[in-house]
Amino acid sequence: MPAFLRFAMTFLLVAVSGSAIAQTESAYKLRHGDALMVSVWRDEALRMQVRVLPDGSITFPLAGRVEVVGLSTPEVEARVAEKLKKYIPVPVVTVAITATDGNQVYVLGKVVRPGAVTLTSPETTVLQMLSQVGGLDRFADGNSIRVLRNSPQGNRILPVRYDDLVKGSQLDTNVVLVPGDTILVP
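When you number the sequence shown by this note's numbering, it's gap-free, plus one each residue, and the end is 186.
Heads up, some of the hints might be wrong.
Derived Cβ-Cβ restraints for the label pairs, each shown as a range [said to hold, decoys possible]:
1. G154 / W41: 40 to 46 Å
2. G134 / A27: 28 to 34 Å
3. F139 / M48: 45 to 51 Å
4. V178 / M48: 27 to 33 Å
5. P114 / P89: 48 to 54 Å
6. E67 / G115: 28 to 34 Å
7. D43 / V166: 52 to 58 Å
8. A35 / S131: 25 to 31 Å
9. E82 / M48: 16 to 22 Å
10. P114 / G56: 36 to 42 Å
11. S57 / D164: 39 to 45 Å
12. E67 / D101: 16 to 22 Å
13. D43 / P122: 32 to 38 Å
14. I157 / T120: 55 to 61 Å
Hints were generated in silico from the structure; no laboratory data involved.
Just so it is clear, the structure is predicted and the values come from calculations on it, not from any experiment.
C-beta atoms are modelled at their ideal positions from N, C-alpha and C, and glycine is treated no differently.
Use the sequences and the hints to build the structure in full.
Here it is as structure tokens:
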């Protein structure tokens, strides 16, 4: 294989994989608790790790408080750059997500390892999450599990029938989890 063809194929592979990573990160909407690395090109003093605060904002030198919850990284870059224009003629801002701690689900009650668990997929179901925490302990009431969900439309309680699910019935109770859900296992 000629050297040029190998170079071209390698370049194409790197470009496509980098593009996929960038699309994934730009599609993600920031949540409370997420950690970001914010940096301004050619200014080492303006490079720092920040966390999205409970009020939905970050604080960055010279820019001050910036609302970021619900925004993608390119949108945050634009907001920070706009605020920095008072001090830097053409600020080039880069924002990278370093931790998605805002994607927590809480599992409480009679499970092997209760606690906060980070959602690693937008399609994680109750059964998958219960598996991640080691399953139910032997005293759990599998058909009385509840998912507590807070949303702008109001609080909801979603019943989960674990014992029936593992037998192949009541599949509609295997709900897809969203960040902030709490699974209660009595």
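- Structure versus earlier hints, numbers of those that do not hold, lowest first: Failing hints, ascending: 10, 14.
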